[in-house]
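Asks: With the hints as your guide, set chain B onto chain A.
There are 2 protein chains.
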Amino acid sequence: MATKYLKNAVGRMIPEEINGKPVIPFQGVDKYITEGRRYAPPLASCAKYPSDGDKRVQDLKTALKKAGIKDGMTISTHHHFRNGDLVANQIFKAASEMGLKDLVWFPSASFPCHEPIIEYLKDGTIHHIEGSMNGPLGRFASLGGMNGTGVLRSHGGRYQAVQDGEVVIDIAVIAAPTADPFGNANGLTGESACGLLGFALADSQYAHKVIVVTDNLVSFPCVPWQIQGNYVDYVVEVDHVGIPEKIVSGTTRITRSPDRLYIAELTARFCDEVGIIRDGFSFQAGAGGTSLAIGNYFGEIMRQKGIKARFARGGSNQYLVDMLEEGLVEYILDGQTFDLAGVRSMRENPNHVNTSPFTSYNYHGKGNFAGLVDVVILGATEVDVNFNANVVTHSDGYLLHGIGGWQNCLFSKTVILPIPLFRDRIPIIRDEVTTICGPGELIDVIVTERGIAINPRRKDLIEKTRHSKLPITTIEALKEEAESICGVPEPVEVGERVIAAIKWVDGTVIDVVRQVIE
Amino acid sequence: MATKYLKNAVGRMIPEEINGKPVIPFQGVDKYITEGRRYAPPLASCAKYPSDGDKRVQDLKTALKKAGIKDGMTISTHHHFRNGDLVANQIFKAASEMGLKDLVWFPSASFPCHEPIIEYLKDGTIHHIEGSMNGPLGRFASLGGMNGTGVLRSHGGRYQAVQDGEVVIDIAVIAAPTADPFGNANGLTGESACGLLGFALADSQYAHKVIVVTDNLVSFPCVPWQIQGNYVDYVVEVDHVGIPEKIVSGTTRITRSPDRLYIAELTARFCDEVGIIRDGFSFQAGAGGTSLAIGNYFGEIMRQKGIKARFARGGSNQYLVDMLEEGLVEYILDGQTFDLAGVRSMRENPNHVNTSPFTSYNYHGKGNFAGLVDVVILGATEVDVNFNANVVTHSDGYLLHGIGGWQNCLFSKTVILPIPLFRDRIPIIRDEVTTICGPGELIDVIVTERGIAINPRRKDLIEKTRHSKLPITTIEALKEEAESICGVPEPVEVGERVIAAIKWVDGTVIDVVRQVIE
Chain A
12 MATKYLKNAV
22 GRMIPEEING
32 KPVIPFQGVD
42 KYITEGRRYA
52 PPLASCAKYP
62 SDGDKRVQDL
72 KTALKKAGIK
82 DGMTISTHHH
92 FRNGDLVANQ
102 IFKAASEMGL
112 KDLVWFPSAS
122 FPCHEPIIEY
132 LKDGTIHHIE
142 GSMNGPLGRF
152 ASLGGMNGTG
162 VLRSHGGRYQ
172 AVQDGEVVID
182 IAVIAAPTAD
192 PFGNANGLTG
202 ESACGLLGFA
212 LADSQYAHKV
222 IVVTDNLVSF
232 PCVPWQIQGN
242 YVDYVVEVDH
252 VGIPEKIVSG
262 TTRITRSPDR
272 LYIAELTARF
282 CDEVGIIRDG
292 FSFQAGAGGT
302 SLAIGNYFGE
312 IMRQKGIKAR
322 FARGGSNQYL
332 VDMLEEGLVE
342 YILDGQTFDL
352 AGVRSMRENP
362 NHVNTSPFTS
372 YNYHGKGNFA
382 GLVDVVILGA
392 TEVDVNFNAN
402 VVTHSDGYLL
412 HGIGGWQNCL
422 FSKTVILPIP
432 LFRDRIPIIR
442 DEVTTICGPG
452 ELIDVIVTER
462 GIAINPRRKD
472 LIEKTRHSKL
482 PITTIEALKE
492 EAESICGVPE
502 PVEVGERVIA
512 AIKWVDGTVI
522 DVVRQVIE
Chain B
12 MATKYLKNAV
22 GRMIPEEING
32 KPVIPFQGVD
42 KYITEGRRYA
52 PPLASCAKYP
62 SDGDKRVQDL
72 KTALKKAGIK
82 DGMTISTHHH
92 FRNGDLVANQ
102 IFKAASEMGL
112 KDLVWFPSAS
122 FPCHEPIIEY
132 LKDGTIHHIE
142 GSMNGPLGRF
152 ASLGGMNGTG
162 VLRSHGGRYQ
172 AVQDGEVVID
182 IAVIAAPTAD
192 PFGNANGLTG
202 ESACGLLGFA
212 LADSQYAHKV
222 IVVTDNLVSF
232 PCVPWQIQGN
242 YVDYVVEVDH
252 VGIPEKIVSG
262 TTRITRSPDR
272 LYIAELTARF
282 CDEVGIIRDG
292 FSFQAGAGGT
302 SLAIGNYFGE
312 IMRQKGIKAR
322 FARGGSNQYL
332 VDMLEEGLVE
342 YILDGQTFDL
352 AGVRSMRENP
362 NHVNTSPFTS
372 YNYHGKGNFA
382 GLVDVVILGA
392 TEVDVNFNAN
402 VVTHSDGYLL
412 HGIGGWQNCL
422 FSKTVILPIP
432 LFRDRIPIIR
442 DEVTTICGPG
452 ELIDVIVTER
462 GIAINPRRKD
472 LIEKTRHSKL
482 PITTIEALKE
492 EAESICGVPE
502 PVEVGERVIA
512 AIKWVDGTVI
522 DVVRQVIE
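Going down the list, the protein sequences come from chains A and B. According to our numbering, the first sequence is numbered sequentially starting from 12. According to our numbering, the second sequence is numbered sequentially starting from 12.
Chain A on its own, in the form it takes in the complex (with noise of 0.2 Å):
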């Protein structure tokens, strides 16, 4: 039978079902507007708990069994370690080890160290990979690997898809930094701190059954209980959840590129002139080098006009905590941390605060923070001329990247994408992007080092530009200059198989990403 497709609000075809579900074609921002109700999982007793509060079980494979795990299951994990995570591997191991089939693999987002991951995809244990799948695990993908679809979803997308019932996990594994045996847990101490657990909050919230997974048990109660332990099942102990320096890094640094450095200053400037940087403003950059470069510049700028902002929306990091310390920022609100600076800060100080993808992303919510932030700098791996933007797939047609948090963040007030003009003499200004992940008109401005051009729908910052000294310019003459350097690129060939979908905020799908022809 063949698959009927569909055009969204973005035009791009979109096949009616994806791994057997019906799919909602994305309807244009803000227009879809759901009727469903909240995912209702089944209640628990306290009389089919023990009556000390001590659930623990010798071992994973143990509490997977206990847990009454079964082909088909939809099992998640969570990135908190980021690339060195120990855990994810040893659950499909142990699944594969069992006989297990097709189950689904929800993970908040994969790193290079899920590369063994691959063989559970071709032998079968795992039907599909739900989540962002960065390096290997999408390059496999990407020609065509899974069985399934792979379904990329934002931050904030993954909890609305949990909270809506759209996934149901029917496991998660939560591996914490520090545990109690009833349950509670976080990411503050022990020596896999990662500072905070807002990525498996949804997952403790409506999995049918959750297993904590630790090396650093302390008695109850574990405080703060970032995880709350009324809603885990079972606690494993093991010698090592992760591996610390692949976890946070020690420090992060500032670019060194001038280009890259210029495209920040030239960011800040803006910022500035259009009148973002005042008193009591909010923003959020990143943990990349040029963001960090940014966020530096807003530090001078605001020193310099001798005011500080009222928040600043994490990824934390050195810089940002040294903001906070200097007292140029009043509250991190967190998101992740990215270096053992942040998880620091977050451990002592009451203002630098834990924030989790419902606080600050879900949309199917009573509102969230990215509409309170003034402005977002993010990054992009294309943008189009009516401002479409791409952060999953690289121009030759890979999927390469995850969402994150990007697609929640672009509700902020401003968003700017500061982005080179081309990189390895591709140009990142195209006609189309291969992939939509974000609609241009929530996009204001790309700021590159040959001029920032500023979305026509931004009358207001054309306005206050418009006797400015920077290079302000449009995205047409940004993308002509870019093909006058490179050349104009060539169409990727790609093939009829959709090997994933990128949902938008509100579990529409905006877009698939095809089979690569090598």
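Please note: incorrect hints may appear among the correct ones.
One copy or any two copies: either way a pair holds, since identical chains are not told apart in the list.
Within a straight-line C-alpha distance of at most 20 Å, the following computed EDC-like cross-link-like pairs (lysine to aspartate or glutamate) qualify [to be verified]: (1) Lys-59 <-> Glu-46; (2) Lys-475 <-> Glu-276; (3) Lys-475 <-> Glu-284.
None of these hints come from the bench; they were simulated from the model.
Replies: Using the frame of chain A, we list chain B on its own:
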């Protein structure tokens, strides 16, 4: 049509229906296992909320109208301001002015300050109250004044009922000492600071509409967000949410009554002799004069032994805070701050931890904290020879108290009731209690000024005190002694009509309260 009655597992006759809804009679401790699912409220969408996160509306009446208030709805409030609450009466004044009828008021508790509600019960604005009725409202209900039947639940039972969808809250009104325009709120600061807002947690999570009312609006973010703005629909600013001096007391005092002091000393000595007071133990007392004295004795014993408690469950107060600050207690896990010292400590000390009925008491969770507490000290209005106890009615039949966390605490490892043998020449120990709130199998020890009775089920405690010099006796002997002094109490004459139901922690009905004939 005559109401049918069924005898429950503690021998009480329970009507088949209450307020038109079917009833499940109490089936015994840990016997009724729910097969239901968590309540699933309608999903929200950010598209329907202000993009800048500002949810303020002009006044409470406007918020109620926007929330769609109509006849028959269930409106919830919370007792964080205890007898100083200024919000609940305003809600029903507004509702009465709007001509609404048959509302259900679902407070976490009501106090004498809510006496004006009687007017709205009389004029039909309110059909009945589900929640404890302390004082005047209880007296009014006892005399048959309410149109419907009151339903009393423990703090944990209230969370369970909301979580399970047994009570669907149409509109929750959460009065908060501090809040931001997004709806994040806490009880730590502001002139009405009450410590925490845990009793409103279930309401914020499950109510269809949530209104936050505050007299101390701060700019986003209100940190910490004990109530998460992502659950909140509207924010209302008022001049005063409470009367500070009635919210928390400046001082709570240890009893000076020689009898009460003696009971307290006996209780502490008993705990010491049976080995409860050991390094790393945990306890929950309370804020009454006798409980405070027991905590004080515990402190003395710990100092003598050079040990400390791992945690104490609050209601916190100056005495418990002193123990925390002295290092006698590592953590206070607090459900309610009873004085200003408790509020200050919770604001400043990360080891003074905010809990909720979900973490501490919810029986339909994957365990809760109550079972982890080594010893809990509780009160009672009456106890029978089978150790069944009453906390809601007096021996004259009047319903004058709520259940609070009392039922939930019965799941602690050892439950001790230190009570006087008689009050106002009425014996406390009876053949049958007026109302069974807790089954005797969960109550371990009764300590009176005339001796200590151990529940025969606790053979371990009987064994450990076999050679004790403590005045160990039997419950029958205590009853006889009381009757030899006060005489055998006359049975109370009550009517047929059921004026209130007493829920057990699992949602079943353990007893009912009947109308008092004056």
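Asks: If a hint holds in the structure, say so; if it doesn't, say that too.
Replies: Hints, verified against the model:
1. With identical chains, the CA atoms of Lys-59 and Glu-46 are at most 20 Å apart between copies only, with a shortest distance of 12 Å across copies and 34 Å within one.
2. For a Cα distance limit of 20 Å, the shortest separation of Lys-475 from Glu-276 inside one copy, 18 Å, qualifies, whereas the shortest one across copies, 76 Å, does not.
3. For a Cα distance limit of 20 Å, the shortest separation of Lys-475 from Glu-284 inside one copy, 8 Å, qualifies, whereas the shortest one across copies, 78 Å, does not.
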